[in-house]
Amino acid sequence: MTTSSGPWSDCMPASLAAREILCVVNVREKSHQTRPNQTNKMDPSEVEFLAEKETVKIIPNFSLDKIFLIGGDLGPFNPGLPVDVPVWLALNLKQRQKCRIVPPEWMEVEKLEDIREQERKEKTFTPVPSPYYMELTKLLLNHASDNIPKADEIRTLVKDIWDTRIAKLRLSTDSFISQQEAHAKLDNLTLMEINTIRAFFLDSLNCMYKLRSNLQPGSSQGQFMDY
Amino acid sequence: MSDTLFDDGSEQDDIQEDVMTPAELIAKLEEAWLNEKFSPELLESRSEVVECVMEQLTHMEANLQRVKKGDAKASVHRMEIDRIRFVLSSYLRSRLQKIEKFFPHVLEREKSRGDSYPSLLSPEEFAFAKEYHANTESYLKAVALKRMPPNLQTVDMLKAVPEPCLDSFVFLRVKERQENILVEPETDDQREYVVDLEEGSQHLMRYRTIAPLVSSGAVQLI
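Line by line, the protein sequences give chains G and S. Terminal number for the first sequence in the UniProt record's numbering: 227, no gaps in between. Terminal number for the second sequence in the UniProt record's numbering: 222, no gaps in between.
Keep in mind that the hints were calculated from the coordinates and are not lab data. Among the hints, erroneous ones may be present.
As the list claims (entries may be wrong) - Once the Cα atoms are required to be at most 27 Å apart in a straight line, the calculated BS3-like pairs of lysine-lysine come out as:
{"hint": "1", "chain 1": "G", "residue 1": "Lys57", "chain 2": "G", "residue 2": "Lys150"}
{"hint": "2", "chain 1": "S", "residue 1": "Lys69", "chain 2": "G", "residue 2": "Lys66"}
{"hint": "3", "chain 1": "S", "residue 1": "Lys141", "chain 2": "S", "residue 2": "Lys37"}
{"hint": "4", "chain 1": "S", "residue 1": "Lys101", "chain 2": "G", "residue 2": "Lys66"}
Claimed, not checked - Across the chosen pairs, the derived CB separations fall in these ranges:
{"hint": "5", "chain 1": "S", "residue 1": "Tyr117", "chain 2": "G", "residue 2": "Lys159", "range": "19 to 29 Å"}
{"hint": "6", "chain 1": "G", "residue 1": "Pro79", "chain 2": "S", "residue 2": "Tyr117", "range": "41 to 51 Å"}
{"hint": "7", "chain 1": "S", "residue 1": "Ala62", "chain 2": "G", "residue 2": "Glu113", "range": "21 to 31 Å"}
C-beta: ideal position from N, C-alpha, C; glycine also.
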């Protein structure tokens, strides 16, 4: 805390000026991408960061005692014996060729085909095998495709499931807006899916709220958060 | 977000500190991070969590100093520290961003709060907000206001800076079952109705309706 308030406050006019320039830059940036770290927004990489906390089984080729991490204990690691570790560690070990990753049990062609059929048949969102199924598929297939049988088929299947769900999501946001609902239940939606519509959807809702409530600029309510 | 959550409210953190495991502490920090990220207004400062996490990190880093280079365990510890540090700084940064955005209102709320209510800001954030306010005012004066006609030389910051829009919609996940949450109608020809929030379910609704539940820890913004 002390480090963040100290140097900032000393140079306020300069940082304000910098901010005006930043605003101009941001207007330009906004047209093709959203700024990460903006309040109310989340970058997809941050969702991926959360997904990396999920555990996955690995088969190490080295031996190491228990590691006492702040977030919990890991190991012990013995060559050939499967052990549960967070995905971030599994990927790091894999990149250093220190382990083989055991794909999660849902990451299998038959199971995914069932899920895909179910997802296409149902009108509502069906439960997904993992709250981070998309991120995990992407991470594991990009870094450990040699440990996952039929990697290409799995990639296509998960993409199909994702596309079906996103299409449903678009339809439901559309009806949410056209019927001017005030509440929606979103069970079975994953964080990544919510995140793909978040910025656009919430901004649109705010815009419409502003138009509807017919507020004058300068009044104290319902204003936009940006300057 | 994690299984290691508390059953009771988050208000008695002073008592809880002693019984919290480091893993639970990290889960608390991540909760606070996501809530702060997605709520339109500045939430109550969780400085006790921040302090404990800082303590953990310093402690771990001190331990790592003593380990010789090339130790396999040390690199794993470093990676974990980096991840926690990322969450911590992202949390503090999003608070500072909100303070910069809403400083007159943040300070106003701080002024009008009774002694029995906990402060919204940590002491450092309070100092930052005050200084930001003073510097913004003197900057405005220096570049523009003093060249204005005398009757236009004052600016009411409370009116000049937009308030947080509490009517924004937010996504949330329910951690403790809630009954009879009133949903206000969007248009005049709709009627208000109540919903029950089941544990584990996810919803989209206006922040204003559920703001108290966010601060009590009954729902998690996502």
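Here is what the structure says about each hint:
This hinted pair checks out: Lys57/G and Lys150/G have alpha carbons roughly 18 Å apart, not beyond 27 Å. Proximity of Lys69/S to Lys66/G is assessed by CA-CA distance (about 19 Å); at most 27 Å being required, the pair is judged to hold. With a C-alpha separation of about 33 Å, the suggested pairing of Lys141/S with Lys37/S is violated against the 27 Å cut-off. Among the hinted pairs, Lys101/S with Lys66/G is inconsistent with the structure: their alpha-carbon atoms are about 46 Å apart, more than 27 Å.
The given range of 19 to 29 Å is broken by Tyr117/S and Lys159/G, whose C-beta atoms sit roughly 50 Å from each other. At about 57 Å, the beta-carbon gap between Pro79/G and Tyr117/S misses the expected band of 41 to 51 Å. Range check, Ala62/S to Glu113/G: about 52 Å between beta-carbon atoms, so the 21 to 31 Å window is missed.
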